[in-house]
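Participant: Each chain, letter by letter, is given below.
Protein chains: 2
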Amino acid sequence: MTDQSVAKWDVYEASFSGPAEGNPFIDVAFEADFSQNSRKVRVPGFYDGNGVYKIRFMPDNEGAWSFVTKSATPALDGKTGNFTVTAARKGNHGPVSVANKFHFAYADGTPFLSFGTTCYAWTHQPLSEQQKTLDTLKAARFNKMRMGVFPKDYPYNVNEPLHDVYQRGADGKLDFDRPNPESFRHFENQVAALGELGIEADIIMLHPYDRWGYCDMSPEQDYRYFAYLTARLAAYRNVWWSLANEYDFLLDTKPMAQWDRYFHIIEENDPYNHLRSIHNGDPAANYDHRKPWVSHVCIQHWDVKRTGEWREAYGKPVVNDEPEYEGNIIQSWGNISAQELTHRFWITTLRGGYAGHGETFSHPEDLIWWAKGGELRGEAWKRIGYLRDLLEQDATHGLEPLNKDGTFPWNRISGSRDGDVTWIYFGEHQPVIWAGGLPQDDRKYEADIIDTWNMTVTPAKIVSAPENHPTRHGAVLRQRKPDAAFAVELPGKPYLALRVRPLD
Amino acid sequence: MTDQSVAKWDVYEASFSGPAEGNPFIDVAFEADFSQNSRKVRVPGFYDGNGVYKIRFMPDNEGAWSFVTKSATPALDGKTGNFTVTAARKGNHGPVSVANKFHFAYADGTPFLSFGTTCYAWTHQPLSEQQKTLDTLKAARFNKMRMGVFPKDYPYNVNEPLHDVYQRGADGKLDFDRPNPESFRHFENQVAALGELGIEADIIMLHPYDRWGYCDMSPEQDYRYFAYLTARLAAYRNVWWSLANEYDFLLDTKPMAQWDRYFHIIEENDPYNHLRSIHNGDPAANYDHRKPWVSHVCIQHWDVKRTGEWREAYGKPVVNDEPEYEGNIIQSWGNISAQELTHRFWITTLRGGYAGHGETFSHPEDLIWWAKGGELRGEAWKRIGYLRDLLEQDATHGLEPLNKDGTFPWNRISGSRDGDVTWIYFGEHQPVIWAGGLPQDDRKYEADIIDTWNMTVTPAKIVSAPENHPTRHGAVLRQRKPDAAFAVELPGKPYLALRVRPLD
Chain D
1 MTDQSVAKWD VYEASFSGPA EGNPFIDVAF EADFSQNSRK VRVPGFYDGN
51 GVYKIRFMPD NEGAWSFVTK SATPALDGKT GNFTVTAARK GNHGPVSVAN
101 KFHFAYADGT PFLSFGTTCY AWTHQPLSEQ QKTLDTLKAA RFNKMRMGVF
151 PKDYPYNVNE PLHDVYQRGA DGKLDFDRPN PESFRHFENQ VAALGELGIE
201 ADIIMLHPYD RWGYCDMSPE QDYRYFAYLT ARLAAYRNVW WSLANEYDFL
251 LDTKPMAQWD RYFHIIEEND PYNHLRSIHN GDPAANYDHR KPWVSHVCIQ
301 HWDVKRTGEW REAYGKPVVN DEPEYEGNII QSWGNISAQE LTHRFWITTL
351 RGGYAGHGET FSHPEDLIWW AKGGELRGEA WKRIGYLRDL LEQDATHGLE
401 PLNKDGTFPW NRISGSRDGD VTWIYFGEHQ PVIWAGGLPQ DDRKYEADII
451 DTWNMTVTPA KIVSAPENHP TRHGAVLRQR KPDAAFAVEL PGKPYLALRV
501 RPLD
Chain A
1 MTDQSVAKWD VYEASFSGPA EGNPFIDVAF EADFSQNSRK VRVPGFYDGN
51 GVYKIRFMPD NEGAWSFVTK SATPALDGKT GNFTVTAARK GNHGPVSVAN
101 KFHFAYADGT PFLSFGTTCY AWTHQPLSEQ QKTLDTLKAA RFNKMRMGVF
151 PKDYPYNVNE PLHDVYQRGA DGKLDFDRPN PESFRHFENQ VAALGELGIE
201 ADIIMLHPYD RWGYCDMSPE QDYRYFAYLT ARLAAYRNVW WSLANEYDFL
251 LDTKPMAQWD RYFHIIEEND PYNHLRSIHN GDPAANYDHR KPWVSHVCIQ
301 HWDVKRTGEW REAYGKPVVN DEPEYEGNII QSWGNISAQE LTHRFWITTL
351 RGGYAGHGET FSHPEDLIWW AKGGELRGEA WKRIGYLRDL LEQDATHGLE
401 PLNKDGTFPW NRISGSRDGD VTWIYFGEHQ PVIWAGGLPQ DDRKYEADII
451 DTWNMTVTPA KIVSAPENHP TRHGAVLRQR KPDAAFAVEL PGKPYLALRV
501 RPLD
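Taken in order, these protein sequences are the chains called D and A. Note that the first sequence covers residues 1 to 504 in this note's numbering. Note that the second sequence covers residues 1 to 504 in this note's numbering.
Bound conformation, chain D alone:
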């Protein structure tokens, strides 16, 4: 008997009554096996306060499902349920995972080209500001949001959070053995709200910007926190796990083995294998992203022409979430020009990586997008949206660099191909003619010049490829025969890109 229905990749939730005495967060454990025919999926449950226990499940297949709970606590053991999973709602493509080694795709196969932004503490701002953030996101073209679970204490971030993430005891102190369900409920509502906007929530589980004591939880409290968060949130299709922001600034109290263990706990409690990454502070302190529990590389680095090095080093998708932010504050990670951030997006993307956006413009009331959300005040976000729109027109496999080992000229300029569409970004380079990397088969092609700042596409004139100069020494390396059957004329100004597509 089917008593409920839920769409594929939406959240199915079941609630149960259980013990409220003692500390159920620690004392009580329960889980369920969700089944379809002989297939079983183990799903951990969680305590939501006031004697209410919940279990959430994201079905990945249509049809009849059932579940049965397991617990040492009799009230939560052997509970069963049935439900029907209907077709996915329009616009729900499922969770994102790694595709084609260096790229991402939704579960339904749609390529996911990551164009993220950052509002670390937006869910801890006044509700009116949070609504403003959602309204802004609706009008922008970002599809990933980096956001922390804990509130933030940092320059320009001195206000108290909307909720404590843990409950306060009689002494008024935070009790790190008792999560505050109200805070988590609010957080997951905002994760869901992002999902409705087509935005992945890149959830930052720990960070060092703290005055409340969240950083000082014991290892056991941390482990329970990771399990609790995972149990609550894994059923949201748009969740990505980011273990920390600038994890290396926490290494003094949380040694490396602890970070490995956090990854394992997520793996143990996330039936859907959501993406998992970890973000560094010091450019020399990258976590070893080769470890098998890391799904993709999260990096903070300004030198975006090195994107190929990171792909090569880790063999996974590279997301450079902080190629520095557009803004004008005193901190050097937060004061590059809009032109420069746009430039870094193009370079990163056309070297087969993904870049992240943030805005840090000084504001009299410290309303800065990068931490609090609200309103965008810069210029880069429009160009980033334009880049996304352009790329999505032709995306199939993901952009692969024209020359994977980065030799001339692809160490200087950026070029890649996805299927039979070729992209070249010249940036600070301004040739008046170009031939390198263009297709050299017998098909007919069209070429377009993209002004990355003014957001225009103009057809390029196709001409004969320049002849190779017949020198003897160094000819192979220095006077590469143009690897193209044709060339294109360019206007000889910086910040242009070229798109070449087959006509037939």
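By construction, these hints were calculated from the structure, which means they are not laboratory data. Treat the hints with care, as some may be off.
Straight-line Cα separation of at most 16 Å, EDC-like style, residue types lysine to aspartate or glutamate; simulated pairs [claimed, not checked]: (1) Lys-493(D) x Glu-340(A); (2) Lys-132(D) x Glu-375(D); (3) Lys-493(A) x Asp-451(A); (4) Lys-493(A) x Glu-340(D); (5) Lys-101(D) x Glu-400(D); (6) Lys-493(D) x Asp-451(D); (7) Lys-493(D) x Glu-379(A); (8) Lys-404(A) x Glu-309(A); (9) Lys-138(A) x Glu-196(A); (10) Lys-90(A) x Asp-108(A); (11) Lys-54(A) x Asp-33(A); (12) Lys-493(A) x Glu-379(D); (13) Lys-382(D) x Asp-451(D); (14) Lys-461(D) x Glu-446(D); (15) Lys-305(D) x Asp-303(A); (16) Lys-404(D) x Glu-312(D); (17) Lys-305(A) x Asp-303(D); (18) Lys-90(A) x Glu-196(A).
No experiment lies behind these values; they were computed from the predicted model shown.
On the provided structure of chain D, position chain A as indicated by the hints.
Facilitator: What follows is chain A alone, placed relative to chain D:
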């Protein structure tokens, strides 16, 4: 008895008649000891054709000097002479050598801040073009010129040279056992002409861009060539030895030991210890500049924020002679914007290195500055001259990075100090207030904002340094207490620099 006089650091030359039969270039050797009291300087002589032998000497001390020749050839043995060395001519500061580990100075102690340009084959162009080059240099502010001995065969370089560098035999073929003295005389006249303009001649002894056979000389012929060139040119105060351009593109025929030997031959024949370097093609193929015969690092690399890495790796002055050229040709090393090249000069310089200029604008007759000289057509050269003028106002020791290990924020922006003058270049960064790296003693300072593109200096408003934010975690690394007693306000736009000088 004194029969001649020469100014200090000018060229004293003596000629002798000797055998003209056979091949004097190979058969005859002679040298001289130049003496002042008990001090002796060994100087190699050379054959200048037509039975004429010459010896050249650059005296480095005023007063009476004498010499006596030595040779197995009786006509060249035991010849003596006396001369008086007078004070250096105005503007002649002597040869340049390494000073303060990472910098350069003339022999009289004047700091030499290298601002070089490149005209590889300018001495092989028609004489009217060569005069144009000298006229252009007179109006520009470059003080170093990279120039090859051999002619150049390369895209945009297909004309025959003014002279063969070696004599042609009866069969019309070049005889690599017989240098062409006419060619060398012309070359050294142009080296001297540069000297009169205050320009160092960075002489490229080998390069791979060849259709005449110069690249195919045997090791023995190469060794004789290095000795001959050194004997002819070492007495010119403004000579720097650059063993090759893109030496690694010649490694197929000239293995590494041969390159080491070239260095040794120069050391054996250059009594003045002129600067010695070697230039790479592939960014991964740097010669090991730690070898003791290398005086400074010559590098070709676009990623100029890595200047500190090269200083650290080699412990010698870093001259990035090809941070890519301003231009618009199809080759990616030769088509960056004027803005970008100016930017790269500021970054390199304010990280304690030196950058080099070149211009590669497409021209209907292939008259391109980078190889042929002639006229400058770009915009960067003016800004580079402006940078030189600014720095020379206060130069004493040389610019040393504010943070030698390149940690935050000096990995992102560029800052350095020379004596008590502080320089910061923000580039693509655009803070509205700045405090990092400013002096924190009790002296009074003035601060100037430099618009590096528009070439203006504007006094900056000095304000209180922002307070440190009192967070616990990550505070040391992330919220550096401003290491300054004050801050300056900035207009919040890119490509600005800051100069801070004491008022008292």
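Participant: Has the given pair, Lys-493(A) with Glu-340(D), been kept, meaning a C-alpha gap of at most 16 Å?
Facilitator: holds (12 Å)
Participant: Need the status of pair Lys-132(D), Glu-375(D): alpha-carbon distance at most 16 Å?
Facilitator: Distance ~7 Å between Lys-132(D) and Glu-375(D) Cα, so the pair holds.
Participant: Does the structure keep Lys-493(A) and Glu-379(D) at a Cα separation of 16 Å or less?
Facilitator: It holds: about 13 Å lies between the C-alpha atoms, which stays within 16 Å.
Participant: Tell me if the straight-line CA distance from Lys-138(A) to Glu-196(A) falls inside 16 Å.
Facilitator: Cα-Cα ~10 Å, so holds.
Participant: Measure nothing beyond the straight line between the CA atoms of Lys-90(A) and Glu-196(A); if it is 16 Å or shorter, mark the hint as holding.
Facilitator: holds (11 Å)
Participant: Hint check: Lys-493(D) vs Glu-379(A), CA-CA at most 16 Å. Holds or violated?
Facilitator: Given pair Lys-493(D), Glu-379(A) holds - Cα atoms ~13 Å apart, limit 16 Å.
Participant: Can you confirm whether the C-alpha distance between Lys-305(D) and Asp-303(A) stays at or below 16 Å?
Facilitator: holds (9 Å)
Participant: Starting from Lys-493(D), check that the Cα of Asp-451(D) is at most 16 Å away, please.
Facilitator: Roughly 10 Å between the alpha carbons, so the hint for Lys-493(D) and Asp-451(D) holds.
Participant: For the pair we were handed, Lys-54(A) and Asp-33(A), check the Cα-Cα distance against 16 Å.
Facilitator: With Cα atoms ~14 Å apart, Lys-54(A) and Asp-33(A) stay inside 16 Å; holds.
Participant: Going straight from one Cα to the other, do Lys-404(D) and Glu-312(D) come out at no more than 16 Å?
Facilitator: holds (9 Å)
Participant: Are the Cα atoms of Lys-461(D) and Glu-446(D) separated by 16 Å or less?
Facilitator: holds (9 Å)
Participant: Run the distance test for Lys-404(A) versus Glu-309(A): straight-line Cα separation, threshold 16 Å.
Facilitator: Answer holds: Lys-404(A) to Glu-309(A) is near 10 Å, not above 16 Å.
In summary, the structure agrees with every hint in the numbered list given earlier.
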